[in-house]
Amino acid sequence: MTNRYIFLYASAMVVIVALVLSGAATLLRPMQERNMRMEKMQNILAAIDIPASRDEAEALFNQYITVTKIVDHQGEELEGDAFEVELQDENRKPVEERQLPVFIADVDGETFYVVPVRGNGLWGPIWGYVGLESDVKTIAGANFDHSSETPGLGAEISGESFEEQFKGKKIFDEDGDFRPVRVVKGGAPDDDPHAVDGISGGTITSNGVTDMLRNGLEVYKSYFEKIKSS
Amino acid sequence: MSENDNNQKEVLFSPKNKKLLTNPLGKDNPINVQVLGICSVLAITVQLRTSIVMAISVVAVMGLANVIISLLRKTIPPRIRIIVQLTVIASLVILVDQVLKAFVYDVSRQLSVFVGLIITNCIIMGRLEAFALQNKPWPSFLDGIGNAAGYAWVLLAVGFFRELLGSGTLMGYNVIPGFMYEMGYEDNGFMILPPMALITVGIIIWVHRYKDRDLIDIS
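Protein sequence lines, in the order shown, are assigned to chains A and B. End of the first sequence = 229 in numbering that gives the first Met the number 0, gap-free, step of one. End of the second sequence = 218 in numbering that gives the first Met the number 0, gap-free, step of one.
Worth flagging that the hints you see were computed from the coordinates, not collected in a lab. The hints are all genuine.
Ranges of calculated distance between the beta carbons of each label pair, as one might list FRET restraints: (1) B:193 <-> A:157: 14 to 24 Å; (2) A:200 <-> B:133: 46 to 56 Å; (3) A:61 <-> B:33: 48 to 58 Å.
Derived coverage of chain B by chain A (criterion: at least 3 residues anywhere in the stretch with Cβ under 8 Å from a Cβ of chain A; other residues may be distant): (4) 82 to 89; (5) 94 to 108.
Computed from a prediction, not measured in an experiment: that's the story for all the values here. Beta carbons: idealized from backbone N, C-alpha and C, even for Gly.
Chain A with its partners taken away, still in its complex shape (with noise of 0.2 Å):
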């Protein structure tokens, strides 16, 4: 086999394949995306402690969420469906040009405020919702997720134990400044409504999640003082 074979045969080899892949990745796409779609609506009714299965999750998310919007770092409005909105995208942009979703649910009457935060662990990126009881300062659950953070350290901050903890816990302090809630290695003092404990073996995707909660609440900082002051 002379190398001019090998050659041509090793070509052939590459566009046959990309051909054969490419092609059922676009078939596939749009059930794929459906499912991505679900999961995302999936963990924005989890931030508000609303359990609903993947089947369940449009209805659920229909029936809950009432209002989505678009607000700016100042907390005004813009056009758009929050839905669609990628925070990946989004944090790449100066401040000042950002899409910030809000979404706004009705649960028996209550009102509650889930925004999205995305940021940095040790492998990859790490995301998740965090919903506010009606007076925007109390966090009423909260939803993590990540692509590649290590299985029984960092990968805990999805596990319910690590999320439980941050119910209850406060975004903004008694005079009414920002304050995040911090992960806290070696265990946050019980009474400190602003600190989780940290995850153990898990320092760096715990403060991952600790610059997430604050880059990403930041943000909406003036439109929760809008909300609090109407």
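Since the structure of chain A is already known, use the hints to place chain B on it.
Here is chain B on its own, set in the frame of chain A:
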């Protein structure tokens, strides 16, 4: 394992072909005897459900990869055969991953990186190199399915015991009755950790050798 191109009229399930299918389940088991593919056995057997999906994925990839390589075996330039094998396996694995993402999204999230790791599963490349390159498609197919099934049953056995003893569930359903817990029974959290997968595989190998004395190395 020589080519038998002259023997055109071999029946589909001749004794020889049957052996290709059944040997890897016992005497030639890729995990118990050849000790290949251990990494994925440790990683994804915490629950029975992920084990089942992984097992099905490996059966699909291995059967297809063996057939494709066997069909191409006369055209593949020997100098780049490993690259060709890897390309075929990698493409099939990407296909499996895409299909899982479209139809069983939750499972695909749990398996996450491990689906990608099928590419490096040494059993698959081992069978391509040792068998499919020299044999016709049908025997290669049987060999692939047989070896994947040999891998699969060990995977399922380990997944079964780890989920049962580690979480008290099977396929996510509680199977240990409540009164057992009231009497002081506790799930063994250690079973969920990877070291216990290794020990479980060790016990399976032990039982396997006890049943099949031929496997015991007396040297």
